Every structure is written in structure tokens, then in C-alpha cells.
Amino acid sequence: MLSLTWIEELQEFLHPEQIKRNDSFHPLGNDGAVTVYPQAEEEIAAVLRYADQSGKKVFIAGRGTKRGFGGQREQADILLSLEHYAGIVEHAAADMTVTVKAGTVFGDLQRALAPYRQKVALDPFWPDEATIGGVIAANDSGPKRLGYGSARDSVIGLRIVYPNGTVIRSGGKVVKNVAGYDMNKLFIGAMGTLGVLSEITLKLRPLAKYESVVLLSFPSGDVHDIRSFAVSFLDTMMEPVCFELFNPTLAERLTGRPVYTLAIGFEDVENAVHYQEQWVERLRPKAAEMAVLAGEEAAAFWRTFNTVAPNGRLAQAENGIEAAVKIGVVNLDVLSILRESVLIADRCHVRIEAHGGLGHGLCQAYVHGSEEGVLAAMEELRQAAVRLGGYAIVKHLPFSLRQRIDVWGGKPSYFFLLEGIKRKIDPNKTINDQRFIGGI
Amino acid sequence: MRKRSIATNDPHIQALARIVGERAILYRKEDLMAYDCDGFTVHRHLPKAVVFPTSTEQVAAVVRYCHEHDLPFLARGAGTGLSGGAIPLNGEVVISLTRMKRLLHVDLENRRAVVEPGFVNLKLTNSVAHRGYYYAPDPSSQYCCTIGGNVAENAGGAHCLKYGVTTNHILGLEVVLPNGEVIEIGGNGVPDPPGYDLLGLLTGSEGTLGIVTKITVRLLKNPEAKQTVLAYFDEVEDASQTVSDIISAGIVPAALEMMDQTAIEAVEAAAFPVGHPKDIAALLLIEVDGISAGIDEQIDDILAICRRHHVREVKVAQSEEERARWWANRKTGFGAMGAISPDYLVQDGVIPRSRLPEVLREIANISRKYGLRIANIFHAGDGNLHPLVLFDASKPGETERALAAGSECLKACAAVGGSITGEHGVGIEKKEEMRFIFTDEEILAQTAIRDVFNPKNLLNAGKLFPTPGRCVETKMPSTVK
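Chains as they are written, first to last, in the numbering used here: chain A, -14 to 425; chain B, 353 to 833.
These are calculated hints, taken from the structure and not from any lab test.
These figures come from a predicted structure and were not determined experimentally.
Note that the Cβ used here is the ideal one computed from N, Cα and C, for glycine as well.
You may find that some hints are simply not true.
20 Å max Cα-Cα, derived DMTMM-like pairs, lysine to aspartate or glutamate [what the hints assert, rightly or not]:
(1) A:K194 to B:E420
(2) B:K573 to A:D220
(3) B:K721 to B:E710
(4) A:K194 to B:E784
(5) B:K763 to B:E784
(6) B:K573 to A:D113
(7) B:K783 to B:E461
(8) B:K578 to B:D652
Computed footprint of chain A on chain B; a stretch qualifies when at least three of its residues, placed anywhere within it, have a C-beta under 8 Å from a C-beta of chain A [claimed, not checked]:
(9) 405 to 416
(10) 512 to 519
(11) 662 to 672
(12) 766 to 775
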């Protein structure tokens, strides 16, 4: 047990049960000498005010699914967990907006909205464990980003606790708003380096009346076939909510067949969904095989899919290292990245499960293997992305290896602006120090 | 512009002329008059000069010169802004981007295009229409407003209910910072560039953080089918309730517009009448689009909802020509006020949709209180109201009364948890109204961000934020709700 006398000072604004001392550190880092569990916004503010004034460092966590995402410090003084700061503040069903506390589990939120036939139009990984605050802070999105956009398209308002304990609101509770700067955007994907998200207001979408996912597998393995099908399908007036390609390794896990597979999702009234399935049927190359999962089968497919990414809450892989890489390229270049993933897996003797959206340009690659193999594979994936004018960032990696690779892949030319924003809001680097790009 | 030499001793004018060329600068009073305001005509001020750069390098050189010599400056597109964002309050050097109007690149396979800031919004759609694509944000001024200006204002439009506003369609920007440095964000349209979301921050910053010189936008494929419904109501409440019920039935219309009786009187007296009955209280213009196999079902639902709320008459457009006439009638609605009033002032409040009936009642009260007619033409689907205050500027005191009535409409929107602007921006017009929705601390949080980009505050100063209070009241965070 470390003897940390200052911890007693926390009891001035927290109950003893809200304070937990930690004896050992998590292998993913981003830990704290002490974890605190605020239950009210005032308590979050009090913790930050205390830390900011007494030179303590604070890390922010939801339920820990993204603990392996960024961060060059093994521990801070205080780990601020929002796990006990959960619940819906206001669901204005007629206005199709919801305000929710940041520690609310994403899946719980969706289940509360479902009886109203409404949903938050995001499909993040591990929805039953990730918190809405973490999803927004890390800007997590899934394949249906094609149809519904990402966090920046759904968030309409935030209450943010600044590092000095001040509460700032951005945006509002209306779906359209250009009053002042669009400050919401600053905090989405900021990895908690600018403030603690306290309450999040989201616009909602109606639940689809019917959904299906068409799985189109390409046994030939020729990405040119996939490309020409994709180009011709995306040029039609069909409206897929996702158009996601799986590499053979991932396809094997999800469908049992180790061949490139496209997952094309449709959500609409039933007639319109079937009509679009027929378009796939009509345009698919002869060699491609097609299967349709409808209704609950489609939902179940996505539930499985949502758990393929590494999860910081789970025990570490026993044999070897697990990593996740997010790659951004221009839409159709996803094909090149997925092809590279197969070649790189071979060269580096690792297993890479990868998927990417041909309509939005984001890929995720999950790498599993020896330390050296994983590091080499991530480096090669990054080079492939950069060659295409894109980027690669490491979304999950044990702390010890994060010190051997640049998680964020260098600084943009306008880094001084990012640094300037951080300095204005958190001059003492009190929160999530070194969690973000360029050591911000 | 005719050839002429610079006839002034002002060294700044001479220096700027050397950067952009003598044919690309205006500095005589008679030439500057056209630049003393934008679409918000209540305030006017002459600029020091207007320059017409043709390249990013020229924009950067002009900005660098202004920065070094402490000359205030601002960027201007087509000047259609409705909140005064391009008015040279401080005698700015106006950087007009109307000669940077090229379409640089179209990549339909990846659904994106790159344009210069002076490129006109509707021209982009026209350039890709033959392949079945379009650019979604459609402000009513789209036939003449520029995409650069749309980025600055985060412009909306009638169809943003389903497709979002400008910020949802911007993939990359090249920006000249207020010190003349050029940066590129999200360059070729790669999503989620690592770092804080500067694309999101810059879009809608009303030209106070930088000058956009190149824009990568998302293009969309035309919907397979489109149906438009026109519904006439005898009671505003019935129209409002129809709006709510359509939304809660899980229908996401592409557009859901409303006009009240005064507005109908104006559009029917103006250039694009369509024969709306003049004695109805409100009309709804509803458009749904998407996969054809699903459209009829949605239209049936909408018609049933209208009937449930005592619609007097409801019809579905029978041809593209009919649909286009209905939209021309709607999109020229603001200008149509000229047919029934010498002057008008348009407001842009936003409210939670469900509060529509009570806020419309409150606006009627404000109209009575100030003795001024107020017409309402608005995006009912997303709660974005446009009260049009009708007045006569030639009558002493009436302009002031109109401004006060407009401001009170915004207060009514703020009071139900809404916003003071949904798409027109704050500009000069609504600076003080920012206090209806933000605390001093929240406003300071925003100006702190401006200072990172624009530390000398030479770029478009005096816009967007209220003049700092003499006595800054600090509200306790716990009282902010």
C-alpha cells in the first residue's frame, strides 16, 4: 500500500466509499493511484478543482473498454471513473432528443429508447460495456456510419466540466443550432484532454421498421471484382446503411468462410429493403455468393460483430499481444488497405482481422501475435495508409508497447493550433495528460 | 473592370494593389458603396478597400500584409448572409473571394468534390446532376451564394432535416490563418483526421478564425424517388400537431416546411404564386424521398396524419413541374415580403419541435405588442423558425421597433430551451442575444478559442460575441441548466 496522505483530502468532497486506493497498475496503463467514483456533476467539478489547484494529474474513464487507447503515462494521481455517474436526464420523445449522463452504458441507453421506437444512430464497439461518454470522447463509430454519420453528426449539446471545475455548456437541445462556435466538435474525439463530458444531448432517429444484412462473399479473392461491384452498386440510387468489407480472416470468424466478404446493410420499410436486396442480386458477379440475414438474424450478426475488437475490460490475451488500429483513407482505398492486411499478416507472422467501409473510408485492423510481429505489422499498416494519403492510429495496445510506437502517427502541420487549444483550456495539463496526439 | 492606375497616395492601397493587381482592387468611395453591407441591411459601413484575389497565395499575401500592418480585414463571398457577418464594421479590407470560383476536382466514385470558396452552391449540384449526384445543403439563396460563405455560416436549407447542414458535408479545408499561414485539414477527404475536430470548429465560425480557400465536400446520390405533399389547414395548431405526429411516426421527411397566413398572402402576391387559398391559417409543404418501393407507404401515412388533424385540403404533386412551382413559391418566400411590406427583418430562432404551438402564439402576442405584422415561413420539421417582422423604415422609430420585436421572438425561443439561430448565424445582428442562451463564462470559453486562431482580432472583429459586460457576472455552474 502506497502511503498517500493527500488522498484523505478527497474526503472533503467525496464519501469514503467513492474513493478506492489501487495497489497494482493495469497493464494497459491509464491507471490512477486512487480511483474516485463521483455521482454528481458537482463532485466531478470538485475533484477537478482540487487536482488543478494542487498539481495532481487526473485520468478519466468510463468503464474501461478503451483503456488501451493512447496514453504515455502508466498512472495519474487520480483515476476519475464515471461508472457511477449514469442515467437518462431527459428524453424528449416528441422532439427526438435525449440528454444522458456520460457514464451511461451505451446499450442501456438504446434499450431505454427502444420502447419509443427511437435510437441513437451510432453503432460503437462493445455497446453493452462502453459508456456513451467514452464513445463520444474517443469518437467511436461502426459500419453504419455510412448511413447515419458519426458522433459529430448526432451530438447536439454537451455539459463539460473544465479542468478548473467550471461547467461550460456547448450547443443546446435543439437539432439545428449555429449560435456561436460549434464547440461540441472540440470535445468529440478529444480523448478527454479538454474537459470531462458530464451530460450529452443527442438527436435521435426512428428505429428502422425492418432491417437486413446481405453477405456477399468473393471466393476468387480478386479485389478487382469487389471494386467493380462496389463502384457499380454505389452508383445506383440504393441506400445501404453500411457497405463494409471484411478481410478473409475476419470473414471466417463471422461467417465461417475465409474469403473477402461484403456486409451490405439495409434499414427501411420491408418492401424497400427487399427491393434493394434484389439490386445486389442483380449486380453481383456470378462467382460471388449471397446470403441474406433478416430482422433478428441481422441484429444478432451485428451483436457478434460488435465484439470482435479488443476490449480493455477483458483479460489480456494469454498467448501473444492484441492490438487494434484505426485507419482512415479515401473511401475505395479501403480495398487496398484490406488487401495489404492480408499480405502484412503473412510477412509479419501475425493474425490480422480487418474491416473497412467502402462508402466512408475508415478501416479497423485487429492484430494478434508476438510483440515484435504486432509492432512490425502496425508499422506496415501505417505505411500503407500514409502512401494512400491517409493515417493510422493505434486504438488498443498494452502500455509497455505504446512507448515503442507513436500511437497517433506524428503531428499535423497545424499542431500548434491543437496545442494552443489545449493550453487555453487546460494550462496545467491536469486531465488526460499525454493521452492524445503529439503528447497533448 | 476597365484599366486604370491607382490614384491614391495611401501606401496600404498601393501595397495591396501590388499583391492582387490594379484591376483587382476597389478603393474609391463610389466603388466601395456596394460593399457596405450584406443581406443584413440595417447596419452599414464602408470598407477601406475591396480586393479580389485569384489564388490562395494572393489571399495569404493580403492577409499577411494586413496582419503585419494591423489593418482589420474580413472575407466575403456573395454577400447573401442575413446576420451581417460580412459588414466591414471597422473599415476592414474586404477580401472578396468571388474570383476564386473554380470547381477543382470531382471524384464521383468516392463521392466528393473540391471547390474554391467563390464557387456558387447550386452550380456544384448542376455540375454533377447529369451523373445523378448532388450537393445536399440547399440554402434558399443557393442560386447565388458561395460554398465558402456556406462554410463560414454553416448554412442550412430546407432539406437539412434529413440530410444535415453544411458541417455534415465538409470533408476537408484549406485555410489561410489570420497571420497569413496556410494550413490544410482533412486534405483529400479522409475521415476523422487525428487531432481536435478543426473542420467542425471552423465550419460556422462566421469568418472569425480563418479564411477558407479550398473546400472538399461530400456529394450524395439523388434519391430514387421523391414525393411532395401540400396540406392546407384552418388552424395553426392542427398544422403544428401534424408536424409532431409525422416525426413521431418514425418518418424522416427530406423537408417539412410551414407558412402562416401572412406569409401566404405575401408569396401569393409575389413572383411565384401557386394559388394557395388566402383564408387558410397555415400550410405544410412536406417532401419525402428515398427508395421508390417505400415511398407510397410513407405518403399514405402522411396523408392519414394530415386528415386526422382536420386538414382542409391535401394534395400530392403530380409532376416535377408542379413540385418545382411549390418550391419556388417557398424558396422565394423572404423576398416575397417585399410585395406586402416596404421592409422586413428575418429572424432565425430554433425551438424543440413540440413547443411549436406555444411559441407561435407568443410570436403573435409580440406582433400585437409592437403593432407590426409578423409572417412565419419556416423549417417546421427541425423547429427552425423564421419570423419575418414587416415594417416601414421610412416611418420614424419603426426600424427600432422591428429590431426589438425580432429580439423578443428570439427570447421566446430561448425561453423554451431553444437557440437564437439555426442557420443564419449571429453576425452583428444577434450578438447581444447570445446572452439569452450562454453565460459570460461560456462566451469567454468561445472567445478563448478565437484567440488561439486570431490573437490580434484583426479578422472580422466585433462579430458573433456580445460586447463584454462592464460588470462580468459570474454564474455558479450549479445554477446553469
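Hint check:
no.: 1; hint: A:K194 to B:E420; result: violated, 60 Å
no.: 2; hint: B:K573 to A:D220; result: holds, 7 Å
no.: 3; hint: B:K721 to B:E710; result: holds, 16 Å
no.: 4; hint: A:K194 to B:E784; result: violated, 45 Å
no.: 5; hint: B:K763 to B:E784; result: holds, 11 Å
no.: 6; hint: B:K573 to A:D113; result: violated, 34 Å
no.: 7; hint: B:K783 to B:E461; result: violated, 43 Å
no.: 8; hint: B:K578 to B:D652; result: holds, 14 Å
no.: 9; hint: 405 to 416; result: violated (count 0)
no.: 10; hint: 512 to 519; result: holds (count 4)
no.: 11; hint: 662 to 672; result: violated (count 0)
no.: 12; hint: 766 to 775; result: holds (count 7)
Taken one by one, the earlier hints fail for this structure at numbers 1, 4, 6, 7, 9 and 11, listed in ascending order.
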